[in-house]
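Engineer: Each chain, written out:
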Amino acid sequence: MEQSPWDPEGVTPRLDASGTIVLADGAPDPTATIDLRGFYRAMVHARCLDLALARAGLPMWAPAAGEEAVTASCASLCDPNEWIYAGVRDQPALAMLRGVSPASVLAGHRDGARYRGAPGGASLPGVNLGHVPETLGLYLGLAAGHAHALKLERAGQATVAIFGEGLTTVGLYRETVSLAVACDLPLVLLCKSQLWPEAAPAEAAVFGESVAERARAVGMGARRVDGADPVAVYEAIEWALSRARYGRGPTLVEAVITQLIHPDVPGHRDPIERLRRHLDRAGQWTPTMQDALEAELRGQLPRDEEEAP
Amino acid sequence: MSLIEFKLPEIGEGVVEGEIVAWLKRPGEAIAANEALVEVMTDKATIEVPSPLSGVVLELRAEVGDICAVGQVIAALGPAGAAPRTEPAATPVSSATSEAGAQVLATPAARALARESGIDLAALPVDARGRITKSDVIAARERAAAPAKTPPAPVAAPPARAPAPPARQVVVREGDEELPFRGMRRRIAEGLTRSYTTAVHYTYVEQINVTKLVRLRDEAKALAAEQGVALSYLPFIIKAVVHGLRKFPIVNAELDEAGARILIKRRYSIGVATATEQGLLVPVVHDADRLSILDLAREVARLSEATRAGKATRDELTGSTFTVSSLGLIGGVMATPIINYPEVGILGVHAIRKTPVVDEHDNIVIGHLMNLSVSLDHRVVDGFEGAQFLQEVRRYLEDPNMLLLAGI
Amino acid sequence: MIVRDQLARRLAALLRDDPRRVLLGEDARDGGMLGLTRACVEDPELEARVIGTPLVPALALAHAGGLAIAGLRPIVALPSAAALYEGFAALRELCRLSLCTDDERSAPALLLAPCGPGLGLGGDGADELSSLLAPLSGLRVLACSDPREAAALVREAAEFTAGEQPTVVLLPRDQLFVDVGDPVDTLEEPVALRRLRHGDRATVFCWGAATARALAAVDALEVAVDVIELRALSPLDRAGLVAAAARTGKLVIAHPGPSAFGVAAELAALFADAAILHLDAPVLRVGGEAGPLARDTEGRALPSVAAITEAILRVVTF
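Protein chains in written order, with the working numbering: chain F, 1 to 309; chain R, 310 to 717; chain Z, 718 to 1035.
Coverage of chain R stretches by chain Z, computed from C-beta distances (three or more under 8 Å per stretch; other residues unrestricted):
1. 417-428
2. 435-445
Every beta carbon over 12 Å from chain R, so not counted as near; a handful from chain Z, in silico:
3. ARG755
4. ASP820
5. GLY835
6. GLY855
7. GLU881
8. VAL895
9. ASP899
10. GLU983
11. GLY1008
12. ASP1013
13. ALA1023
Ranges between beta-carbon positions, derived for each pair:
14. GLY247/F / GLY840/Z: 38 to 44 Å
15. GLY374/R / LEU816/Z: 57 to 63 Å
16. ALA1023/Z / GLU425/R: 33 to 39 Å
17. ALA432/R / LEU816/Z: 55 to 61 Å
18. PRO952/Z / GLY492/R: 54 to 60 Å
19. LEU772/Z / GLY247/F: 23 to 29 Å
20. VAL218/F / ALA1023/Z: 52 to 58 Å
21. ALA432/R / ALA1023/Z: 37 to 43 Å
22. ARG955/Z / ASP429/R: 31 to 37 Å
23. GLU821/Z / ASP280/F: 41 to 47 Å
Note that these hints are calculated values from the structure, not bench results. Backbone N, C-alpha and C define an ideal beta-carbon position, used for all residues, glycine too.
Isolated chain F, as found in the complex:
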């Protein structure tokens, strides 16, 4: 199968580039344990919403295309009572998948809201998503505090924080990890890492082998997976949530994602395309079905947000 500079090394594939399930020893058959068609639908809707947001001309908006496996897995695996703290790029999809109408998400706030930030900038009501503070990385600290409360209450639940690998260079990340490890907090840290085949930012130098490697070094449970492999992402997050809920302390999942805005990214780096290939092979995907899925979301968006013909 094709190998590109965007593909991470040292990860165990569960859905390969061609869309074929890789069966490992003792691992369950995902076609039996995961609602792959529902998963696919969630990712497609997240992508459509992201495109609509990109067209909305929001200031400093960066698309999240290529990162849907993480948000869709979280939305599916977390109990609705479990809080998810995420950055502004992940919040729209999470909010939508937790039941907020796409139009409301696009508007960025509900009517009468006092604080009108970017979409996801203000917490959306009743969906247990942490708001995004303007202070860099502060929501990691909020998430740890929240997890601490769950621990004190013996709630058997976890708190999830989703962030990019850049944030792991911030002091608050280190301090949050220290506290979470010291107190065995039920905190799930979901880090979306990028590889930089072209030009790595300065922060890359401090990552060492990987974010997951460093997490293991401080005593956290950690796994590194391919973010373009939706099955691997799903199973890793399921594992992390389970650890946290059962009191085994904070757990980190590093998903290596590829931002699809790069022009030369091969198709298999797109988790949606990879799962489509799988469904296609299984005879569960047709172009009509794709059109229907996309129309389902677009129908919920305001008219003027539609793509021009």
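Given chain F's structure and the hints, the job is docking chains R and Z onto it.
Structural biologist: Here is chains R and Z on its own, set in the frame of chain F:
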């Protein structure tokens, strides 16, 4: 020629200050020599002060309402073509100006309380730094409420300032009309206050039977009219007064307390109190002893007209040695005239009324009676002398032949 | 019993009274930097709710925020008010939490902040911080003036009677280790302002460690001066302050710390705005020296008795 500082000139004998009534030229305006620059009011009259040179007015250094001392710079003049100064006029330097022109420095609390209590801050004394605080206003209010009470005892620390002179609490009620108290009215008030609080007044009243004088005047009236003179009783009274003053020179005098002397006046200059639109003025008939009855009548008429028209000269408004105040037909029965300070006597002339009188044959006849009230400064004129003076005046008025004999 | 121990016992009582309360702080599980958490740690029932936080103040505050979002009531024993310089960004986020969640969540977090001179720390330790904290929208700032009231003030703050908003209690360091006998159990109302002396010649406004100095100045003068203690620096009891200012119109503000651009300036502006017709002298601010101050001169952070006396006499004799 550069900038010439224009000082308020000497504007009359004994005049030390004047109030700016109006500027007749603005900065930048050209002015000719002897052209009027400013209208200044003194305690006697309002006069126009002319420019000493031809040129341009550069700057006015006093504002309307300011009281300026003689010799104080009130304007700057320059040669024709000079540019007026753009910066604001300098604050008048004379201390005499501070009370009228300067803004009152009072704290907000003092202003609020003064407004609420109807107290005029400008009337309150300021402290050594020129300020008024709330406690000053409270003190003024308390004094107004209980004038007999002694001022509150000063607190231990820090020391309180000396108590301020009393200020009356003024309550302005709806419908009350406000008139400005300044200019001539203020001059009159100042003069009368000085007189009333300095001279020791006493008033002596006598009733005079002027039946003969009335007859004489009736006869003379027609003759006078032929000469174009409206003959009133006033010339006769002035004449009688002059005779009285001749006999009792102490009544035609002035007390110079600072100089520890009494000045007996050589001239007989009789002031005639005259009502004008601006208020009471006293034009002077100088050397009344040298004028005939007709001349007196002419002079009184001329002066009175000039004064009412505001045309009286400074000389015609100053220098009286004794004053006669007559209200003519509404003269009433008696009065307590206030001396025209620094004179020592003033004669109030009352109405002539027909009254039944007992003549030398014990018959009751119709007589023309008139009262005279003379107020004198007891510091100078004893009661006995004052009474004798008035009796002398009476002698001449009861028997006009005396006037003839004494020579007119 | 010294004030520090009174506070420690009060914190234990607060944790006992409400199982939602948790206590956080650097070294909190060892009794805390100043010993404020000791009584809680020693109680097996409470010990689980004592959380030791890393050194970085921002994380302690963010942690408190997360606990509050989850419905708990965190109390943070800061090592020093100066920790809020470093934790300022996090404190701002706590203050905005209810705004950013459209009131779905609030942050009833209580921050205990020992401040000002007292332990010979100098530097930032001598700072009082009210001028930094009071402008933060959404923050309640209380200052303790009377050490006998310290424990009662902390309880009042912990009960969030004025609303579930983050609250800082400024505790002057020089009060923590003095034995003041029996503490006050409950604060007299109103909490925001307290009249300590009655007089009609001038009014001194003060709070925190400046209060003792203001009282020393006033008590030595033979002039009847009103002394108003501000327990609440934010939000201000504006109506109460204006009413107090109007009584004499001669105002002195004794500010613990530099008075420029600070709470005293805000008060002066308030008086100029809402009490202008009562002002009878310039509004004078008396503050301390600007830092950083050395260990042995940190007392200069507070206004001197002499300076307060001079200011009172200046307005009285104006």
